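Novice: First to last, the sequence lines map onto chains D and R. Last residue of the first sequence: 327 (our numbering), numbering continuous. Last residue of the second sequence: 1262 (our numbering), numbering continuous.
These are computed hints drawn from the structure, not numbers from a lab. None of the values given here were measured: they were computed from a predicted structure. Careful, some of the hints might be misleading.
Pair by pair, the computed Cβ-Cβ distance ranges are [stated by the list, open to error]:
{"no.": "1", "chain 1": "R", "residue 1": "Glu1085", "chain 2": "D", "residue 2": "Leu200", "range": "52 to 58 Å"}
{"no.": "2", "chain 1": "D", "residue 1": "Glu216", "chain 2": "R", "residue 2": "Ser1180", "range": "38 to 44 Å"}
{"no.": "3", "chain 1": "R", "residue 1": "Asp1073", "chain 2": "D", "residue 2": "Gly121", "range": "41 to 47 Å"}
{"no.": "4", "chain 1": "D", "residue 1": "Ala27", "chain 2": "R", "residue 2": "Thr1178", "range": "48 to 54 Å"}
{"no.": "5", "chain 1": "D", "residue 1": "Gly121", "chain 2": "R", "residue 2": "Gly1082", "range": "54 to 60 Å"}
{"no.": "6", "chain 1": "R", "residue 1": "Gly1251", "chain 2": "D", "residue 2": "Ile125", "range": "52 to 58 Å"}
{"no.": "7", "chain 1": "D", "residue 1": "Ala252", "chain 2": "R", "residue 2": "Asp1073", "range": "47 to 53 Å"}
Below, simulated BS3-like cross-link-like pairs (lysine-lysine); rule was C-alpha separation at most 25 Å, straight line [unchecked claim]:
{"no.": "8", "chain 1": "D", "residue 1": "Lys279", "chain 2": "R", "residue 2": "Lys1141"}
{"no.": "9", "chain 1": "R", "residue 1": "Lys1199", "chain 2": "R", "residue 2": "Lys1183"}
{"no.": "10", "chain 1": "R", "residue 1": "Lys1243", "chain 2": "D", "residue 2": "Lys56"}
{"no.": "11", "chain 1": "R", "residue 1": "Lys1199", "chain 2": "R", "residue 2": "Lys1246"}
{"no.": "12", "chain 1": "R", "residue 1": "Lys1179", "chain 2": "R", "residue 2": "Lys1141"}
{"no.": "13", "chain 1": "R", "residue 1": "Lys1199", "chain 2": "R", "residue 2": "Lys1141"}
{"no.": "14", "chain 1": "R", "residue 1": "Lys1140", "chain 2": "R", "residue 2": "Lys1061"}
{"no.": "15", "chain 1": "R", "residue 1": "Lys1141", "chain 2": "R", "residue 2": "Lys1061"}
{"no.": "16", "chain 1": "R", "residue 1": "Lys1246", "chain 2": "R", "residue 2": "Lys1234"}
{"no.": "17", "chain 1": "R", "residue 1": "Lys1183", "chain 2": "R", "residue 2": "Lys1248"}
{"no.": "18", "chain 1": "D", "residue 1": "Lys56", "chain 2": "R", "residue 2": "Lys1141"}
{"no.": "19", "chain 1": "D", "residue 1": "Lys56", "chain 2": "R", "residue 2": "Lys1116"}
{"no.": "20", "chain 1": "R", "residue 1": "Lys1243", "chain 2": "R", "residue 2": "Lys1145"}
{"no.": "21", "chain 1": "R", "residue 1": "Lys1191", "chain 2": "D", "residue 2": "Lys279"}
{"no.": "22", "chain 1": "R", "residue 1": "Lys1191", "chain 2": "R", "residue 2": "Lys1173"}
Note that CB positions come from ideal geometry on N, CA and C, so glycine has one too.
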Amino acid sequence: MTRDRPTAPAPTTGAVVSPARRRFGFALFGATLFLIFAGAEVKSREAGLSVPDWPKSYGMWMPPMVGNVFYEHGHRMVAATVGFLTLVLAFWVQAVESRAWVRKLGWVALGAVIAQGLLGGITVIYLLPTPVSMAHGALAQTFLCIVAWMAYSGTGEWRRVAGADPKAAPSAFRAGVTAVAAVFLQLLLGAWMRHSEAGLAVPFFPVSESGAFLPEVVDRLVVIHMLHRGFAVVVAVLVLRAAVVVARRLPALRLHASACGLLVLAQGTLGAYVVWHGKAPVITSVHVVTGAALLALTWLLTLRAWRRGATAEVVTDAPVGGVLERA
Amino acid sequence: MLRNSALVLSFVTAIACGDSLASDDVPVAETKVAAAAPAVVAPAKNPAAAPTAGAVTGTIKAKGDMPAPEAVDISSDPVCAGMHEGGLSHSTVRGENGGLADVFVQLTGVPDERYKAPDEAVELDQVGCEYVPHVFGVMKKQDIKIINSDDTLHNIHPTPSVNREFNVGMPNKGMEITKSFKKAEDAITFKCDVHTWMKAYCFVMEHPYFGTTDASGAFRIDTSDLPDGEYGVKMWHESLGSKEGKVKVEGGAATFEMTWEL
């Protein structure tokens, strides 16, 4: 008895994801990036405990936006907006999306944003324990990647390029995955450093006035700081390598790959500026959100490479009330 | 000014009450009632001139130029800005007439007894978007009455090392809460995360022999029930650090003078 290997249907030329849903997906991506900046501002300005209660703020849904309440409650407001947009998108894809995995991804995104809100509440109520704050930061980045994936899966490119270059795509994909893993690990190290108050444990860059790489006393905070600083070099190498590999193997992605390379260099420069400016809040927050953007951009590059080696599938965004073509 | 005067008056009253309690007729064996806390009093004209009965008095002086206060940006809260129309300036090193304010002074080497915390609470007020007092002491398990006298919201958030941290919102003017710490601990930072310039420091003490210098650098520690002898004096300032000295208490009284190089 032979088992038939499932074959993917040929790309459809019929209905595709509607422009409205595509735009909505990218709007959610943009909103999430802004939410990460708003969250970074909370930490950069030490505003995390300026509102001691949760989910309300001083027992109100809308407290006076004074002092650091502006940053903490503002972050909650942006988060609520992103949560609502995610809810809309999750139900939208359930209603019209033909691909089961996209529908599942919609629920995963919704679950992630709910978990993220709960983590935010827990970290406030338990006075910012480092592991919870780190998990809050890490889930934010993961959520951004999920949203980016959903947005990309609704593009015309997703439908068009499936299986376009099965020979070149795998090596580009592998280089991308390595870079994404490195960036994500670096974001975790950054969150660890930030929430351990080790951001200025080494207050000079690259060396002190006397030419030393390390302070005279090397304590736990210096080690945490140097892990983030040292691993930045690894990240830069891996992202640049991925950019070169992808650009060579898949010339159509050259621009995207170049953007990843430039962004990793910009991110390293921003890291130096954070130290030189004594963790000035806006510079620090821009460093955080640039890290998130680098992760998302590298992740999208990896997905685009993968897609060129993947099999095609039916992509249908049926009108509400219409007949769904399930993949 | 009125509020400061009222605060000083309440402390003086507390000290007077403490004196009446601190007698040999303390009902619990080997338990002494603290005289009062914090032991901040109105500055005497020359507090070091002669020992005050039943108290260690003295002055901490500053030698050198006092740093100029630095302007604090309080524009993020219009209520705070409205209470300081000329702006708010801060310097951690401050004082008048050569005295050094906000030095916490405590005696060391006192009898190792079980001292009972006073029933009176120490008040910590949030007024004009600042903490009053800025540096204070309490005995362990002594109540701290935290008041919001401002028409804006504050959160009160001490960050102790050995005691339990808390963070409470005080959104309304006139709101009061009472808290205490169970373990002795030096210089617990109280902060308002809404208004990041607001900071106060609290010492949680095993015994009642402590005080804080006022604007003229003067302090008074009630020692009416302290046996005669030589004791250590430990001083702490938030930016100048710590210093130590000695004082000889005779008849329950002594004077202490110290000059801090800036």
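Novice: Are the hints correct? Go through all of them and say.
Specialist: Now for the hints, and whether the structure bears them out:
no.: 1; hint: R:Glu1085 x D:Leu200: 52 to 58 Å; result: violated, 35 Å
no.: 2; hint: D:Glu216 x R:Ser1180: 38 to 44 Å; result: holds, 40 Å
no.: 3; hint: R:Asp1073 x D:Gly121: 41 to 47 Å; result: violated, 30 Å
no.: 4; hint: D:Ala27 x R:Thr1178: 48 to 54 Å; result: holds, 49 Å
no.: 5; hint: D:Gly121 x R:Gly1082: 54 to 60 Å; result: violated, 33 Å
no.: 6; hint: R:Gly1251 x D:Ile125: 52 to 58 Å; result: holds, 54 Å
no.: 7; hint: D:Ala252 x R:Asp1073: 47 to 53 Å; result: holds, 51 Å
no.: 8; hint: D:Lys279 x R:Lys1141; result: violated, 38 Å
no.: 9; hint: R:Lys1199 x R:Lys1183; result: holds, 21 Å
no.: 10; hint: R:Lys1243 x D:Lys56; result: violated, 46 Å
no.: 11; hint: R:Lys1199 x R:Lys1246; result: violated, 30 Å
no.: 12; hint: R:Lys1179 x R:Lys1141; result: holds, 9 Å
no.: 13; hint: R:Lys1199 x R:Lys1141; result: holds, 22 Å
no.: 14; hint: R:Lys1140 x R:Lys1061; result: violated, 29 Å
no.: 15; hint: R:Lys1141 x R:Lys1061; result: violated, 32 Å
no.: 16; hint: R:Lys1246 x R:Lys1234; result: holds, 8 Å
no.: 17; hint: R:Lys1183 x R:Lys1248; result: violated, 28 Å
no.: 18; hint: D:Lys56 x R:Lys1141; result: violated, 31 Å
no.: 19; hint: D:Lys56 x R:Lys1116; result: violated, 40 Å
no.: 20; hint: R:Lys1243 x R:Lys1145; result: violated, 30 Å
no.: 21; hint: R:Lys1191 x D:Lys279; result: holds, 20 Å
no.: 22; hint: R:Lys1191 x R:Lys1173; result: holds, 18 Å
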